[in-house]
Amino acid sequence: ARSKPHFFNFRAGSPSALRVLAAVLEGRATVNPKKGCQVDLVFTTDHYNPEVGEEHLGKCSARVFFRNQKPRPAINVTCTRLIEKNKRQEEDYLLYKHMKQLKTPLDVTSIPDSHGHIDPSLKPIWDLAFLGSSYVMWEKTTQFLHYYMAQISSVNQWKTNDDTIDFDYTVLLHEFSTQEIIPCRIHLGWYPGKPLKVKYHCQELQTPEEASGTEEGSAVAPTELNNF
Amino acid sequence: MKPLLGTLYLLGILVPEGLGYDGSLAQTRRGILEETVSPWRSLDTYSYTKYHPMEEIYQWMVQITEKYPGVVTQHFLGMTYETRPMYYLKISQPSANHKKIIWMDCGIHAREWIAPAFCQWFVKEILQNYKDNPRIGRLLRNLDFYVLPVLNIDGYVYTWTTDRLWRKSRSSHNNGTCFGTDLNRNFNVAWCSIGASKDCHELTFCGTGPVSEPETKAVSSFVESQKESIVCFLTMHSYGQLILTPYGYTKNKSSNHEELIQVGQKAANALKKKHGTNYRVGSSADILYTTSGSSRDWARDIGIPFSYTFELRDNGTYGFILPASQIQATCEETMEAVLSVLDDVYEKYWDSNSAVKMTSRAMVLGLLVSFRSVF
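Taken in sequence, the protein lines are chains A and B. For the first sequence, the UniProt record's numbering gives the first residue as 1, with consecutive numbering after it. For the second sequence, the UniProt record's numbering gives the first residue as 1, with consecutive numbering after it.
For the record, the hints were derived by calculation from the structure and aren't laboratory data. Keep in mind it's a predicted model, so treat the numbers as computed, not measured. Possibly wrong hints are sitting among the right ones.
With a Cα cut of at most 30 Å, we get these calculated DSS-like pairs of lysine-lysine [stated by the list, open to error]: (1) B:272 with A:59; (2) B:253 with B:348; (3) B:266 with B:227; (4) A:199 with A:100; (5) A:159 with A:103; (6) B:348 with B:100; (7) B:274 with A:123; (8) B:50 with B:274; (9) A:100 with A:123; (10) B:348 with B:251; (11) B:348 with B:273; (12) A:194 with A:100; (13) B:251 with B:266; (14) B:266 with B:50; (15) A:59 with B:266; (16) A:70 with A:199; (17) B:266 with B:90; (18) A:59 with B:273; (19) B:50 with A:123; (20) B:99 with B:67; (21) B:274 with A:59; (22) A:159 with A:123; (23) B:198 with A:70; (24) B:198 with B:217; (25) A:70 with B:251; (26) A:123 with B:272; (27) B:251 with A:35; (28) A:87 with A:199; (29) B:124 with B:100; (30) A:87 with A:97; (31) B:251 with B:227; (32) A:34 with B:251; (33) B:67 with B:90.
Now the in silico label distances, taken between C-beta atoms and shown as ranges [said to hold, decoys possible]: (34) B:177 with A:106: 29 to 39 Å; (35) A:70 with B:278: 27 to 37 Å; (36) B:67 with A:202: 44 to 54 Å; (37) A:32 with B:209: 37 to 47 Å; (38) B:63 with A:86: 52 to 62 Å; (39) A:31 with B:66: 52 to 62 Å; (40) A:31 with B:95: 51 to 61 Å.
Just so it is clear, CB atoms sit at the ideal spot from N, CA and C, and this is done for glycine as well.
With the rest of the complex left out, here is chain A:
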């Protein structure tokens, strides 16, 4: 269930509309030893940012398929009762304007700091980083491995290329079953309303695996960032 919000967040491409898992209402898993594991779920989601006042519990149903324990599950998810598109676009654009005004180079090391504090002016950076990390986490998720974003350990580059926010950072992902912390260097390009472009490299003990599936529906497949 936790991989769905990662996938959903990435596909929505909106840092102001990030969701987290609230509760699983129904679940059913079917395992075929030869093919893989399919999970059907109904779950609710909550706003990622608790400061957003409204109790906006989204409701989603999803089907997740892991082919033979490989990562990058194929996901089909639909959600209702979320922020309406116009409002989300408006909020994204405000976020974008705020980000463009940030003084560079950013005088910041870890986000959050050791005490979990994020300066309000840097919150959009965290949100955008989380969006990029969602893609990485979804790609790496398997039946047995699931991830959370623990901390941004460094901001390498933050600038605007034409109008796109160009963000190069290192994030520490926490894998739950091994308890390992995995540093990933992520480079993303974002403009409100446009699909997120992500390139990444994680430092790992194991070699990366072939994916379970490709993206569904109308979402644009992630591409190499041309201007880097």
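For this one, chain A is given, so just place chain B on it according to the hints.
For chain B alone, kept in the frame of chain A given last:
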């Protein structure tokens, strides 16, 4: 006893800096200390809604003991790998009654900062309220609390000086190429059989043998020596919002599993009432993952009936780096859960006549012995 404790405390502060295992480490430590040590002098201004470095926690323990003499005493448990003293606080009201013991430890994993924060909060709540709050008052009449605020002290210090996300202890392995044992895989229960690693590079490294680490040895020797009296063993972790029962090393259930689940569920319900936070309850192997060598499983298997692992807030949003702004709410709700468990434990052991039975049995035995010695 007091002068000895004082000396040990001083040693605990001075020795790591004096030896300077890594010269730069000692420097960084001092540097960080200068930035973060608050100008707090008295217990009245100690903030329970901030995270505190180890030096401040040592100081807090001394001050708590001084402020509540006759109820709190500080006791030495053992030395860590980097030769820091481990202390637990014993909260006990003088009484003719034979008391059962509640054990609570926090911070076996270094990066789980909210856990030591909770241990300090718990101690504060008990001491500030036992006189006026009947619920807490009755618990203290027949129960003693043994609280170990930071179990993995070396690791905790390391998260303040060097790596916020460090988990293990700081023992050296493989000729200094590898550091740290996962202390919660090092206890002598199905040691390293499953859910743990023999590779010292990994985060679930079980150590070079069961109870190979001084920290594990200190806790298990002491708990073992008191096991007849300990009825409840609580070990605090983060994150995940879970109340875990034995076992992690097998899907088999303990003999009192049903009761543990019932008590755990009641605690989760009490917790949720406070701020709406959802906790799940279940055995570790069922709802989390398999583990061997955990303190909770070991405690259950040496006969301690109520043995739980608490995984505190949150659910992954901030994970280990839980904002200090959430300390209060987390501690308040966790307090409700722990008190709920303690109420159930109390009612089980004190409302039955088990205490009376024990004293009479002891009396009869005593009489028999004295008769025999006469003949």
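So, going through the hints one by one against the coordinates:
no.	hint	in the structure
1	B:272 with A:59	holds (21 Å)
2	B:253 with B:348	holds (21 Å)
3	B:266 with B:227	holds (25 Å)
4	A:199 with A:100	holds (21 Å)
5	A:159 with A:103	holds (10 Å)
6	B:348 with B:100	holds (12 Å)
7	B:274 with A:123	holds (28 Å)
8	B:50 with B:274	holds (21 Å)
9	A:100 with A:123	holds (14 Å)
10	B:348 with B:251	holds (27 Å)
11	B:348 with B:273	holds (24 Å)
12	A:194 with A:100	holds (16 Å)
13	B:251 with B:266	holds (23 Å)
14	B:266 with B:50	holds (29 Å)
15	A:59 with B:266	holds (28 Å)
16	A:70 with A:199	holds (20 Å)
17	B:266 with B:90	holds (27 Å)
18	A:59 with B:273	holds (23 Å)
19	B:50 with A:123	holds (21 Å)
20	B:99 with B:67	holds (23 Å)
21	B:274 with A:59	holds (25 Å)
22	A:159 with A:123	holds (16 Å)
23	B:198 with A:70	holds (25 Å)
24	B:198 with B:217	holds (19 Å)
25	A:70 with B:251	holds (26 Å)
26	A:123 with B:272	holds (28 Å)
27	B:251 with A:35	holds (26 Å)
28	A:87 with A:199	holds (28 Å)
29	B:124 with B:100	holds (21 Å)
30	A:87 with A:97	holds (15 Å)
31	B:251 with B:227	holds (25 Å)
32	A:34 with B:251	holds (25 Å)
33	B:67 with B:90	holds (14 Å)
34	B:177 with A:106: 29 to 39 Å	holds (36 Å)
35	A:70 with B:278: 27 to 37 Å	holds (31 Å)
36	B:67 with A:202: 44 to 54 Å	holds (49 Å)
37	A:32 with B:209: 37 to 47 Å	holds (41 Å)
38	B:63 with A:86: 52 to 62 Å	holds (57 Å)
39	A:31 with B:66: 52 to 62 Å	holds (60 Å)
40	A:31 with B:95: 51 to 61 Å	holds (57 Å)
Of the hints listed earlier, there is not a single one the structure fails to meet.
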